[in-house]
Amino acid sequence: MCGRYAAAKDPATLAAEFDAYDATEDHAPPADHNVAPTKDVMAVVQRHPRDEDGRADDSRTERSIRVMRWGLIPAWAKDMSIGARMINARSESAATSNAFKTSLAKRRCLLPADGWFEWKKEGGHKQPFFMTRPDGKCLAMAGLWTVWRDPKESDGPPVVSAAVLTTAAQGSLADIHDRMPLLMTPEHWAAWLDPDSAEVDGLLEPSMELIEELELRPVSSKVNNVRNNGAELVAREEPIAELDDPKLF
Numbered sequence: 001m002c003g004r005y006a007a008a009k010d011p012a013t014l015a016a017e018f019d020a021y022d023a024t025e026d027h028a029p030p031a032d033h034n035v036a037p038t039k040d041v042m043a044v045v046q047r048h049p050r051d052e053d054g055r056a057d058d059s060r061t062e063r064s065i066r067v068m069r070w071g072l073i074p075a076w077a078k079d080m081s082i083g084a085r086m087i088n089a090r091s092e093s094a095a096t097s098n099a100f101k102t103s104l105a106k107r108r109c110l111l112p113a114d115g116w117f118e119w120k121k122e123g124g125h126k127q128p129f130f131m132t133r134p135d136g137k138c139l140a141m142a143g144l145w146t147v148w149r150d151p152k153e154s155d156g157p158p159v160v161s162a163a164v165l166t167t168a169a170q171g172s173l174a175d176i177h178d179r180m181p182l183l184m185t186p187e188h189w190a191a192w193l194d195p196d197s198a199e200v201d202g203l204l205e206p207s208m209e210l211i212e213e214l215e216l217r218p219v220s221s222k223v224n225n226v227r228n229n230g231a232e233l234v235a236r237e238e239p240i241a242e243l244d245d246p247k248l249f
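In terms of this note's numbering, the sequence shown opens at residue 1 and continues consecutively.
Just so you know, the hints here were simulated from the structure itself, not pulled from any lab data.
Hints may be right or wrong, so weigh each one.
Keeping only pairs whose Cα atoms sit at most 27 Å apart, straight-line, the calculated DSS-like set for lysine-lysine is [as the list claims (entries may be wrong)]: (1) Lys9 x Lys222; (2) Lys78 x Lys152; (3) Lys152 x Lys39; (4) Lys121 x Lys9; (5) Lys101 x Lys39; (6) Lys39 x Lys9; (7) Lys39 x Lys137; (8) Lys152 x Lys106; (9) Lys137 x Lys78; (10) Lys222 x Lys137; (11) Lys101 x Lys78; (12) Lys9 x Lys137; (13) Lys126 x Lys222; (14) Lys152 x Lys101.
The whole structure should be built from the sequences, with the hints applied where relevant.
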C-alpha cells in the first residue's frame, strides 16, 4: 500500500522533469515531507485542450501539472468522506472496481513523489522506511483521477481527486511490506497518460530495474505523526538495536 509519501519539489521543477506546463495557478501545495490522505497533491495529466466554450481539440493533447485531493471520490459518492478510504487502488482489480474502472480507462495520471514511507514490523515495534531514488529524481507513481460534484450543491465547485495504483511488492521491498506503489518509468509515461487509449495491460507490471535501484532508508518514527513535517523526516536514522536483557535499559 501507500499511505504516506513525500513531495517537496515545486511546480516549476516538476514541469521541467515531466515535460509539462504548470497549471496549478498558484494553488500548488507547499513542500510536504509527510503527505497524508485527503491533502492536496500535485499530479501530471495529459488532456485535450479546450477552448473558451469548453470544446475539446481532439487533434492534440497537452501535459500539465495539476492539483488534486489525495483519496479518490467516485462520481457516484454521496459525500467526500469516502475519499479517505480510496487513497489506493489495487492494479489487479481496478479494471472491475466500480470506484476505479472508469478512471483506469479514461483518467490516468502520475503522482510525483520524492519517495514513500512504509513500516516494517520488527520485534515489538514498527520501523518506518523511506523508499527513494539515490539520484534525487522523482518517482512517478501511477495514479487514477476523477471529478466529483456534491449532489446537494449542483452549482458548487468540482473536486478533482486521485488514488495511487498499487501492486505486489517486489525484491527487497517485500521484506518491508507486501504492497508498493506501481512506479512508472519515463518510457511508459506517454502511454500511461494517453487519454485516447484504454489499453493498459502492458503497463501494470513493475520495473524490476527501477526497484533494484531504490534506497530503502530507515527514518525517524517522527513520521508516524501526520502533524510532523520537514526534511528531517526523510533523513536516514539508523534504528536502535533491541536489547535482549531488560536490565540493560
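Take a quick look at whether Lys152 and Lys106 sit within 27 Å of each other, Cα to Cα.
holds, 26 Å
Pair hint Lys39 and Lys9, alpha-carbon separation not exceeding 27 Å:
holds, 16 Å
Does the alpha-carbon distance linking Lys152 and Lys39 stay inside the 27 Å limit?
It holds: about 23 Å lies between the C-alpha atoms, which stays within 27 Å.
Quick one, are Lys101 and Lys39 close enough, alpha carbons at most 27 Å?
Status holds; Cα separation ~23 Å.
Is the hinted pair Lys121 and Lys9 satisfied, with a Cα-Cα distance of at most 27 Å?
Status violated; Cα separation ~30 Å.
Hinted pair, alpha-carbon criterion (27 Å max): Lys126, Lys222. Please report holds or violated.
Answer holds: Lys126 to Lys222 is near 12 Å, not above 27 Å.
Is the straight-line distance between the alpha-carbon of Lys101 and that of Lys78 27 Å or less?
With Cα atoms ~18 Å apart, Lys101 and Lys78 stay inside 27 Å; holds.
Straight-line Cα separation of Lys39 and Lys137 no greater than 27 Å?
OK: Lys39 and Lys137 at ~22 Å, within 27 Å.
Between the alpha carbons of Lys152 and Lys101, is the straight-line distance 27 Å or under?
holds, 25 Å
Assess, step by step, whether the Cα of Lys9 is no farther than 27 Å from the Cα of Lys222, and give holds or violated.
With Cα atoms ~21 Å apart, Lys9 and Lys222 stay inside 27 Å; holds.
Holds or violated: Lys222 and Lys137, Cα atoms, limit 27 Å.
holds, 24 Å
Lys78 paired with Lys152 [C-alpha distance capped at 27 Å]
holds, 8 Å
In summary, the structure is inconsistent with hints 4, 9 from the numbered list given earlier, while agreeing with the others.
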